[in-house]
Structures are given as C-alpha cells and as structure tokens.
Amino acid sequence: MTVVLVADDDADIRDLVAFKLEQAGHEVIAVGDGQAALEQARSRHPGLAVLDVSMPGLSGIDVCRMLRADPATAGMVIIMLTARVQEQDVEGGFSAGADDYVTKPFSPRELVSRIQALLSRARA
Amino acid sequence: MHGTRSVRQLLTRAFAVLVLLIVCAGLAEMTAVLLQHRVVNQLTTHVQPLQVANARLRTVLADAQRSLRGYLLTGDGQLLDTYHVARGEYHAAIGRLRELAVTGPERASVREQAERADGWWTLAERQWQAPPRSATAAGFVTEGKTLFQAFVAASDSLDQRLARRAASLQRRSATLGWLTVTAVSALTVVAAGLAVLTARRVNRDITAPLGRLVNVLERRRGGDRTIRADPDDGPAEIRAVAAVINTTADKSDRGRAAEQYVARLRADVRHLGYRIRAHLVVDDAIREAIDGLARILRADHVLIRLRYDGSDTPAIFSLHDEHLPGGPLSALAGCDLGWLDTGDAWTTDDEEPAETVHPPDDERAACARIGDGPVLTVAISSGDECIGALTLIRDTGSPWTPVEVRLAEGVVADLGRGVHLARLYEHEQHVVARLKDLDTAKSDFMSTVSHELRTPLTSIAGYLELMLDEEAGALVAPQRRMLEVIARNTRRLRELIEDMLILSRIESGDFRIEKSEVELGSLVDNALAAIAPAAAKASVGVHTEIDRPLRLDADPEQLDRVLMNLLSNAVKFTPPEGTVTVRAGRDGDELVLSVADTGMGIPAAEQQALFARFFRASNAIHQAIPGTGLGLSIVRTIVDNHGGTIAVTSAERVGTTVTVRLPVTAGSS
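Residue numbers (our numbering), protein chains in the order written: chain H, 761 to 884; chain P, 3 to 671.
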C-alpha cells in the first residue's frame, strides 16, 4: 500500500482517479490545486503523485519541478495528466522530471496499471 | 591683326588707285596723240606747203631767167612770152610764200628772197628791152646771172631750214611714240600689280574672316555650343556680323539652358512622384512631397491640408511646422477648403483666376498675411474627389511660372495617388492584422475547445469504464447494452475532436513538416502491425507487395498518419473475408503507394466530394459504420504538403483503391 497524491482541478476526474486507486488498495490524498499538492507532498511524503498539468496557480509542471528540486521529495514517482497533446507539453513534463505521461481522456484501468508498474519498478 | 578698317575703306582705296591709274594711262595716251597730231599738223600744214611754195617760187624764177636769157641770146619772141607768163606768176608765188611764212626767221628769209628776186626782176625789165643778141644783152646776162644766183642761195637757205625743221619734227614724233608706249605699258603693269594686290588683300581681309565666321556657324550647327566668333577679326562690317552671331548664340544658349533647367525640374518632379508613390504610409508620402517640393520648386513654406475620410477637420502638414499656433501659416491652416475643387489651381498674383476658382476672403486675407511673396494653391485629388490642398509660398521673389504651376500639379497628382494607395495599404494592413488576430483566436479557440472537451470526456469515459467493469455494482443486460452505446458514441466524439484538432493544426501551419530521410517500407510495416488486430477481428486479410528500398524525404509522423488513416478506412469498409492489399514501389522520381480493398466502395456520384471535410459516403452512413469524415481530408492535406498527389478509383460493392504519389526529393513544403 502506497500513499498516492492526486492533484486535479476537476473534482470529477479527481474523484474518479481517487476511487480507482482506493479500489486498488492505495491511500489517496486528493487536492484541487498546485499549491495544496506541494504542501501535502512536503508534509505527508506520498510515494507517488498524479499531477494534472493545467491547474490554476501552480501548474503540474511547476509542482513537479519543485518536488524534484527539494531533496526530501526528489525521489517521488510522478505521473502527469494533460488534456493537450502538443509536443511541448510532453517535453515540458519530462524535462521537469516526470516519470510518465497520460493524456486525457484516459482509461482509469490503464492509469492504475501504469501506476502499479512504476511502483513495482521503484521498489525494485 | 590690323587696326580696325572697313570693307568700304579697303575697297574704296583699292579701286580709287586703280581708277586713277587707268585715268592716268588715258591722259598720257591722249597727250601723246595730241602732241603727235600737232607735229603732223605742223609738218603737213606748214613745213611741207612752205617747201612746196619755195620750190614753186624758185621754179617760176628759174623759168623767167631761162626764158629771158634764151630770148636775149636768140631773140625768140616765144621765149619772151614765157618770161612774161613767169613774171605774172611770180607775184602769186611770192604772195603764197609770204602767206605761209609765219615765224620770224622764215619771214626774214622770204623777205631776203623777195629783195633778191626784186633785184633780179629790176634788171630783167631792163634786159628784155635791150635788143637781143647785142653786147648789151650779153652784158646783162652776166649781170643777171649773179643776181639770180644770189636769189638761188637765199632760196636754198630757206629750203635747208625747212628740211631741218621737217627732220626735227619727225624725230620728235618718233620719240613721242616711243615714250607713249613706254608710259602706257608701265601704267598697265602697275595697274595689273595693284589689281593682284587688291585681290589678295580682299582675300586676306574679307574672304578669310568670312570663312572663319561660316566655320563657326557650321560648328555650332554641328553641336559645338561653346564656340564663338572672334569679334576682333577682319574689317568692321565682319566684326559687326561676328558680334551679332555671338549675341544670337548667347541668346540661343540661354534659351537652351532655360529649357534644360525646366527639363531637369521635370525629371526631379517625376522622381519625386515615384518616391511619393513608393511610400506605404500616408504621413511619409506627404513628408516626402513637402520636402521635395520645397527643394525642387524653391518654396520657402509648404502647407498641405488634407481632409481625411469622414473627418471634418483637415490634417495639416507644413515644411517647418509653421502651421502650429503662432506660426506664420497658422491662419491659412485654419481656412476652410470648400472652395477648392478637383483640378483647381490659384496663385495670389493671378489677376484673373480661372472662372471656377473663387477663393473666399478669409483665404485671401490669410495668404496676404504671410508676406509679399507669391502663394500657389493646388487641389489634391484622389480620383474625382478633392481630398485637400497643397500651398507653396515664397517669402519674396519671382512669381509662380506656368511651368512651376504645372509641375506642382504633377506632384499633387502623384501625391493624390500616393495618399490613396497608402490609405488602401493601411486599410489592407489593418484587415490583415485583424485576420491574423482572428486566425490566432481561432487557433486558441480550437485549442481551448479541445482541452475543454477532453476534460468532460475523461470523466464520461472514465466513469463509463468503471460501470462497465461493474465496479459500481452488477449490470443487467439492457443496462450494459445502453452503456455500450454511450461508450461507442463517446469514442466517436473523441475521434472527431482529435481529427478536427489535427486538421486545424495542419492548416494553420502549426503542424510543421519535419523532413528527414524515411524508409517508406518500414513505415508500412509498422502501420500493418498496428492495424493487424483490427483486421484480424474483422476477418479481413491483408496482403503486401513492397519493392524495397523506398527512401524519400518526408515527415515520418505525418506519413504514418496517412498510412494509418488509409489502412483503417480499408479495414473498416471491407466486409469479413475481404482483402486489403498494400502496394508500394518506385516510379521514376516518385514513390507510389496504393491501398486497395474489396469493400463496399463509394457511389460514383459522391466520389467528387470524397476529400471534403465531414464527407461520409451515403452507403457508409446507411450501414452505420462509424467515422468522422475527416480522415481523407487529413491525408489529402498531408500529401499536398509533401508535394504529392492522391487519386481514388472506386466501384460500389467492388472495392476502392487509393493511390498516393510522393516525390522522392520533396521540393515543396
């Protein structure tokens, strides 16, 4: 069981991801913006973060970059969610240090399977 | 050369000397003739008659003496008669001689002869009365002989004198003749020499300077404008002609210089026109016109008043901003231009302006306030509309010539066109900017729409998946069927959004072609691998005929999209047990890719619209085969962007073949 941080400004998607992850047996911290995500990540040290790229205030990419910059959170597994398929988004996400990338609309099933794969690899 | 002489003097002197010489020669000749005449006259009328008369007297006396002596010796009375006859003739002969003798010596000689003759005659009278053949008679003969011989001696003396005189006259005549010939010859030679000299002087002093004048005129006619006649060459009359030629040449050169000046002005104005029309900003065109006019037409102030479209207050421009409040042109700048019409021109020094030009009093007063110099105002027109006025002002000096007015009108015509074009250009720029804004807004809109649609789609598709996975509880069959309909339409909506987004990005140029060397064969392999599950599911057989290598310059991602769209279409529209055949090969400089299926085909009437957006064949709609109608549009756009061509042949219920030709080295983008 891993603590997973889910950050998305859309409550429905946040609930969807949280529901699916809880079903898979993870503990979920769900937040609605980048600032809250940063605070939760620093206080509770989740093992994995699912960050929406386009959030008001701090974007997912900003949060990702800040988490990677902080030694305390640098080892966290990070998956980005985005509605855009432009290459610069993908490049921006990876250059900020994301481990994987999922574009909306996505299959919750596939998201969870990718998360499991990343976690098992991180533990290995 | 020489001092100033005139042709008249030269010719007068030369001909006077010649005439004098001719007259001298004539006089000399005449004198000689007169002298000769006198000599001859003296000989014939005086000397020779004297000789004749002397001889006659001597003969008469000799006859008398001979006949008397004969009578005295013979007593022959006949001889005495002869004596008397001679006695009778004697008086006539001596009278004749006295008559002819005019000079002193002659008269003395004649007197002596007469005395001696009288002496003899006195004796003779006595003799004949003496009896013939007497001693007295014989004595008389001897006495008479002495007296007679004295007479003969006197006669001989006269004769000799006369003979000398005749010889002297003949000598004089000969001398005179020789002198005459010599003098006339000398005069003739002198006259001829003088004539030759005159001819040479005429040639030197008249013909040569005239020739030089003619040369000057011919060289001027030949184009040498600098040459002038020498005003100090030749006699006065030729100098006068030279002066006239030089004056005329100067005048003509001044006229030519004036013409050249006007021509240069015209050229300057023409170039100014080009520059004005080259400007794309109204203010720049006006500034060019103001500076150019001030320079070319030597204006001290230039004012342009322009009525902008729709605005009542004209825009004002001036050479040194003299139109600003307090400036010398501020009053004129405020004047209304309603009086000015297309084609009008007015100068303040024009006493009788054209009938249509009626400048109002405030305009006249404003012009008068600027100064004493001439003010020229010309209407600026765009098409048939007067859009403003150009005013040129000289503080002092020459009035505006008709040439300058025409040149100003020419510039104004160019300015009118320039302003018109610049306004059009500015308008066009404005429209282009708006279109660009619109285009950006459209792109932004598409992006936003795509993002905003994806987020709800994520929720719909995600929760649908949870329900279909029965994570929210078990489903009954009708519920599952309905949820699957929702899922199918969600997928369709998603594809539609994706295709629209791709098409929009390709068209906006955002979707740049990233060309590299691509092996089409490998792309086909990948595409076939990707489509294989769908083909297997639909029981469609896939065949390939590929002639490798198939290298070309292209964007691999875009080509992959072309292959995927074509293959998925072929599989989608082919019924179970049908086949899809992919062929790829090289044809000259092109690669040919064809995808053929044995599907439902496209109705012939609809093939025309095949590549139009959102086109869907009626039979596909009828059979409810899902699709967005954007796939072939995307394929076509990508092929076009690679400089290739696409063609479709299709027959309903037989199949469709799509053939794409791509250049190996793509030239266009």
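Errors might be hidden in some of the hints.
Facing chain H, a subset of chain P residues (Cβ under 8 Å, in silico) [stated by the list, open to error]: (1) 229; (2) 388; (3) 453; (4) 459; (5) 460; (6) 461; (7) 463; (8) 471; (9) 472; (10) 473; (11) 476; (12) 496.
It should be emphasised that the hints constitute simulated quantities derived from the structure, not laboratory data. Only a predicted model underlies this, so the values are computations on that prediction, with no experimental measurement involved. Glycine included, each C-beta is placed from N, C-alpha and C at the ideal position.
A quick look at each hint next to the structure:
no., hint, result
1, 229, "82 Å, violated"
2, 388, "56 Å, violated"
3, 453, "4 Å, holds"
4, 459, "4 Å, holds"
5, 460, "4 Å, holds"
6, 461, "4 Å, holds"
7, 463, "5 Å, holds"
8, 471, "7 Å, holds"
9, 472, "12 Å, violated"
10, 473, "6 Å, holds"
11, 476, "16 Å, violated"
12, 496, "6 Å, holds"
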